[in-house]
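Trainee: Residues per chain, in single letters:
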Amino acid sequence: MSAFFAMGGYGAYIWTAFAVFFIVLLIDTLAPLARRRRNLRDIRARIARQENRRRPGTPASNESNA
Amino acid sequence: MANWVPLWLHRLGSPPTFYRFAGAVYPWALGLAIVLGGIALYGGLVLAPADYQQGDAYRIIFIHVPSAWMSLFIYAIMTVAAFIGLVWRIKLAETVAMESAPIGAAFTAITLATGSLWGKPMWGTWWTWDARLTSELVLLFIYLGIIGLYHSFEDRRQGARAAAFLVLVGAVNVPIVHFSVNWWNTLHQGSTIRLLGPSHIAASMVWPLLTMMAATKLYYIASLFSRVRADLIASEGGKAWVRELALGHAQDGKA
Numbered sequence: 527m528s529a530f531f532a533m534g535g536y537g538a539y540i541w542t543a544f545a546v547f548f549i550v551l552l553i554d555t556l557a558p559l560a561r562r563r564r565n566l567r568d569i570r571a572r573i574a575r576q577e578n579r580r581r582p583g584t585p586a587s588n589e590s591n592a
Numbered sequence: 016m017a018n019w020v021p022l023w024l025h026r027l028g029s030p031p032t033f034y035r036f037a038g039a040v041y042p043w044a045l046g047l048a049i050v051l052g053g054i055a056l057y058g059g060l061v062l063a064p065a066d067y068q069q070g071d072a073y074r075i076i077f078i079h080v081p082s083a084w085m086s087l088f089i090y091a092i093m094t095v096a097a098f099i100g101l102v103w104r105i106k107l108a109e110t111v112a113m114e115s116a117p118i119g120a121a122f123t124a125i126t127l128a129t130g131s132l133w134g135k136p137m138w139g140t141w142w143t144w145d146a147r148l149t150s151e152l153v154l155l156f157i158y159l160g161i162i163g164l165y166h167s168f169e170d171r172r173q174g175a176r177a178a179a180f181l182v183l184v185g186a187v188n189v190p191i192v193h194f195s196v197n198w199w200n201t202l203h204q205g206s207t208i209r210l211l212g213p214s215h216i217a218a219s220m221v222w223p224l225l226t227m228m229a230a231t232k233l234y235y236i237a238s239l240f241s242r243v244r245a246d247l248i249a250s251e252g253g254k255a256w257v258r259e260l261a262l263g264h265a266q267d268g269k270a
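Just so you know, the protein sequences line up as chains A and B, in that order.
My numbering applies: residue 527 is where the first sequence begins, and numbers increase by one.
My numbering applies: residue 16 is where the second sequence begins, and numbers increase by one.
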C-alpha cells in the first residue's frame, strides 16, 4: 500500500496534481449551486418587499430599496 | 426531416423549458461523470503499468490530457454559442457562452498546474516559455478576459455581447494551442492519441485516458447546466415562472 502512495518516488508530484484537479472541480461544482440558492433568496426578498408596498400600514423598514 | 425536431429545439431554447430540462439532466450527468472518473482513476493509477521511460510520473497524463482537451473543447462550444448569440440574438446561447468560460478557465488552470507538476520531475523545470505552454497560458488569459469583460457591464446582455466578440477573436488561439507541438520545436511531447493512424500508447493506458475524457465531457455538461440554471434565475427574475419557482422553493424549505 505504501508503495502505491510512493508512486516510484514521484508520489508528491502525482498526488499534488490529483489534489489540484479535485479541489478545482469541487469548487466549480459548489459555486453555481450556492449562486442559484442565493438568487432564489434574492427573488423571494424582492417579492416580499413588493407585497409590503401594496399593503399600507406595514413597517417601512422592509422597504430599504424602495 | 420531421418537423417536430426544430419545434423541440425551439422549445428547448425557451428559458423555463431549458431550466427544467437542465435540472433533470444535471444529476445523471454529474453522477455518471463521477462513476466514470472513478473507473478511469482506478485503471490509470492501479491497473496500468508504469511507463518504461517515465516510471510512475506519467500517471499525471490521466488528468492532464483530458483537462487540456476540455480547455480547447469548451472554447469551441463557447465559440459556437457566442456566434449563435451574436447573429440570432438568442438569449440562451449568450448564457451558454458566458457560463462556459469559468469552466474552461478551470480546466485550463488545471492543465497548467498539472503540466507544471509533471514537467518538474521529467524536464527538470516547472515552466518554460515554449510554444505549447505559452499558448495554453494565453488561453487562460483569454478565458479570464472574457469573464472580466462580461462582468464589467451593468447590463448583462450588453456585457454578454461584448464578451461574445472577444470569444470569436480569441478563437484564433485554439488551433495555435493544438498544432503548437507540430509547428514549433518544443519541449512538450507530441500528441499521444491520434484519430488517424495508431496511437503512441499501450491499450492498458489508453482506456483509462478515454474513460476520463468521457467523464470530463459529462462533467462539463453538469457544470454548464448548473451554471445556466443559476444564471436564468437572476436574468429572468421578473418573470412569472421564476417567481413561482422561488415561492415554491420557500414552501419546500418550510415543509
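Because the hints were derived from the structure by calculation, they are not lab data.
C-beta atoms are modelled at their ideal positions from N, C-alpha and C, and glycine is treated no differently.
Where hints are given, some of them may not hold.
Stated by the list, open to error - Covered stretches of chain A (in silico footprint by chain B; criterion: 3 or more residues with CB under 8 Å from a CB of chain B, positions within the stretch not fixed):
1) 538 to 552
2) 562 to 574
As the list claims (entries may be wrong) - Okay, derived cross-link-like pairs now, SDA-like style, lysine to any residue, Cα gap no bigger than 20 Å in a straight line:
3) 135(B) <-> 572(A)
4) 254(B) <-> 563(A)
5) 232(B) <-> 135(B)
6) 254(B) <-> 572(A)
7) 254(B) <-> 544(A)
8) 254(B) <-> 533(A)
9) 254(B) <-> 529(A)
10) 232(B) <-> 534(A)
11) 232(B) <-> 572(A)
12) 135(B) <-> 535(A)
13) 254(B) <-> 545(A)
14) 254(B) <-> 535(A)
15) 254(B) <-> 570(A)
Trainee: Taking the earlier hints as the rules, which of them does this structure contradict?
Mentor: 3, 5, 7, 8, 9, 10, 11, 13 and 14
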